[in-house]
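Chemist: One letter stands for each residue in the lines below.
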Amino acid sequence: MGHRVGELARHLGGELLGPGGLEVSRIAPLAEAGADCITFIAQAKLLPQLAASAAGCIIVAPAQRELAEQRVAAGRGAVILCAEPYLAFARLTQWWAAATRARPTPGVHATAVVEPGVRLPPSAHVGALAYVGAGAQLGEGCVVGAQAHVGAGASLGAGTVLMPRAMFSEGCRIGARGLVHGGAVIGADGFGFAPHEGRWEKIEQLGGVLIGDDVEIGANSCIDRGALGDTVLEDGVKIDNLVQIAHNVRIGAHTAFAGCAAVAGSARIGRFCTIGGAARILGHLEIADHVHITATTLVSRSIHKPGQYSGAFPFDDNASWEKNAATLRQLHSLRDRLRAVEKALGKSLEKKTPS
Amino acid sequence: MGHRVGELARHLGGELLGPGGLEVSRIAPLAEAGADCITFIAQAKLLPQLAASAAGCIIVAPAQRELAEQRVAAGRGAVILCAEPYLAFARLTQWWAAATRARPTPGVHATAVVEPGVRLPPSAHVGALAYVGAGAQLGEGCVVGAQAHVGAGASLGAGTVLMPRAMFSEGCRIGARGLVHGGAVIGADGFGFAPHEGRWEKIEQLGGVLIGDDVEIGANSCIDRGALGDTVLEDGVKIDNLVQIAHNVRIGAHTAFAGCAAVAGSARIGRFCTIGGAARILGHLEIADHVHITATTLVSRSIHKPGQYSGAFPFDDNASWEKNAATLRQLHSLRDRLRAVEKALGKSLEKKTPS
Amino acid sequence: MGHRVGELARHLGGELLGPGGLEVSRIAPLAEAGADCITFIAQAKLLPQLAASAAGCIIVAPAQRELAEQRVAAGRGAVILCAEPYLAFARLTQWWAAATRARPTPGVHATAVVEPGVRLPPSAHVGALAYVGAGAQLGEGCVVGAQAHVGAGASLGAGTVLMPRAMFSEGCRIGARGLVHGGAVIGADGFGFAPHEGRWEKIEQLGGVLIGDDVEIGANSCIDRGALGDTVLEDGVKIDNLVQIAHNVRIGAHTAFAGCAAVAGSARIGRFCTIGGAARILGHLEIADHVHITATTLVSRSIHKPGQYSGAFPFDDNASWEKNAATLRQLHSLRDRLRAVEKALGKSLEKKTPS
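Chains as they are written, first to last, in my numbering: chain A, 19 to 373; chain B, 19 to 373; chain C, 19 to 373.
Please note that the accuracy of each hint is not assured.
Just so you know, same-sequence chains aren't split out, so a pair can sit in one copy or run between any two.
Straight-line alpha carbon distances no greater than 27 Å define the calculated DSSO-like cross-link-like pairs of lysine-lysine that follow [said to hold, decoys possible]:
no.: 1; residue 1: 220; residue 2: 63
no.: 2; residue 1: 220; residue 2: 365
no.: 3; residue 1: 341; residue 2: 323
Derived from the structure by calculation, the hints contain no laboratory data.
Please build the complete structure, drawing on both the sequences and the hints.
Modeler: Here is the structure:
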């Protein structure tokens, strides 16, 4: 099914150069885009492709108008000028998804289980074999996917989507336009125990999880409920797959976690941060706004200053690594030896100087 | 709903100072506790709060009787003296949970699937859309949450709870009072293959998983079945979220794993150990009792001595890290250069000494 | 139930020495194998056990014929000579599993939900409470386990098995003889967002996941769908538990990922690689064929040469680690100081030489 590039340009609020009636049938990466494709150029180094690409339509910044007009004049297809081509690409994918994907039909599947006292507007969808616990509150247009789980008393804001097999536990709350992927577990117990004679006495986790608007949570990620108060994710937080957010953590608005990252209990992460893949933040720390943590870094103390922070061991071929790693275990003594050399050399030079 | 502090003191086996009829309606952290709250002080540095806090009731150690009596005399609420305040807090949360949470009603939900030959005492609960395979054995008071899965021939001890969407596979066994959180997968295949002409030939995993009493397993954690024998978790083991326990591993009693930790195949971990978040233990290693592994440490050889072990790269601002990490790749040659300097300096000093 | 070793030898294509009528009732590790057990010896260092072991039957390489004949002559049971004993063990486990495990019966469980337009051969099995979306295609002998999920339009090749609670999302495709474990999520959205005024604009993930033949995917692992094209796993890829494969990644044939490993977006991994547990590969990198990555290594640039690569911090007792880690933060300045010493010493030696 084709889409006219004129319609796409209107939707994106861009300026169309070239034939608006030209149809494209898919979005493609620049390198693979053929005559039936729409693509985009967001990086200066790729601009030579504006002339060379076989794409039917290319989104590019208005600053490239001249090159764009040359392309169009040469009959090589259409161009859409958009202020931020990468953003325009994102919005194009949204338009595309809405145009091409089946929307879940409102209503409750016959095999779903909906317990008493649920607020369930007619616009909401509850899929096959899904479970909605007593007293849960679903907003307008909510989607509870097949086999998904909404615990008793949980609350989902308007337009929030639980993908199939997502789990949103008892009493947890999420705002509007949220998206929770399959296998994610929101609201399992935080990991809290009091030691007692070598054993662990469970601290029941009495708090919940409170999530703002426009939050996305990836597949098989876990957001634990708080011990006494709530674990909090503010508006616009984005969480990739297999991420662990422990109890009582607070994550500031618009902060993003890449896959396999983890935050231990009671840490407070600022706003507009990015936490790289498999990075770890220890418990009870505070991370300022606009902090960027490199993949696999262990953050072991609070960070009060915006900036980028790293802490990965540089990898190497195994033989080189083995030598350096072995030496690393003697690093402190190497430092002492260096000091001794400096001292001895200082004396040696002193002694020599008068002679 | 309020609870009288006199009743709480009796339950905790503590000594009440002040008005037993005073009611509290929630447990709160010390810093946030108001007049309707009960809280606790377990750290000496927080003792000044015993006088200052607005909490309705505070749990504190008997050694603080004098301060406690002053607080009560000043009409600032009640105090409960307990030998171990943090333990008392844990037990208070347990009492609270039992008093305030709905208990699953005994019986099998109409939408659950229970295969033939299952032992299912009347006290057990099988939730909506749950599955219990043929010949499974459930103990008294077991709870199989909504959409949870019990494989054929699996066995759950008395009082064990599978939270909604937990998976306890075919033939696996767990003792009494266990708790398995949503998304946990107990008894998937261990990762075993024989290499053959560049391909992998599957080694079917014929063993099971054997879990003792009082074990808790976090959300989306995985405990693989053994290749031939069983993977074993002894009594009192506590496993946080997203933890990986590979086939044939044995974990000693009362050892705890923080989130995202992992143990490779056939490792044997001792009792009373703590394994920090995202720490990794390689296969076939042995770890003694009372070993404590710091977060993100890779344990690459056996540990025979109790103690704390660490191995994380210290993080830094990115520019500093880059310089140090780059130098780290030359560390072995730096050592050689230091040796050369020491030798040259030795000669230089030797030469100079006789002159 | 016993199995005659003669039958096992025939199945394995090995040469039986000793009594073919001898029965064994389980496969056991060498150290634990008694008279009712069959076991194997694949390592030279274990050969002394060929005489000493109490096992009823031992699989060993033909090169050990002489030792084997001595064992048999001494009446200590049977031996099967196989060219590759470890491979023979793998095949024995396969035979054992086929002989002893219940096979899912063809057909659709009454509580499963199968949407319209599904291709569902009579040989396929769809388990209790499973979901199969509209237009999905199941091959001959496919198994969709209890509570598993097949999205609309997804395609499973002949003999592929989704274990209970596995999730295979809309439009994703897998070839023949695949095995997907419980909790795995195939086809969640890749993590793609365009930054816009401090917020994140979602890039809808319009691609799918394309998986070859003979691929195994572990419990709670995630394989994200591509942004525009497909995420690809070629034939024979083996993925352990809790592994994250991001969008647009391509993994070459017969490459294996140990538990908790992760690959960021658009990376291309070669064939015949092994990626150790919790190893990480950054986005957009290329890894050649026959590359082996050690556990927990962060691969931060492309690798064009086969070989083994490592990058883990060597662990130590905590006190030693602390000293070395602290010094590591000064490593670059240590290098500068060493240079200064070398220079000073050079001058010192120069000065001394003429004297």
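Chemist: For each hint, tell me whether it holds in the structure or not.
Modeler: Hints, verified against the model:
no. : hint        : result
1   : 220 <-> 63  : between (57 Å within a copy, 24 Å between copies)
2   : 220 <-> 365 : neither (62 Å within a copy, 65 Å between copies)
3   : 341 <-> 323 : between (35 Å within a copy, 20 Å between copies)
In this structure, only the earlier hint numbered 2 is contradicted, and the remaining ones agree with it.
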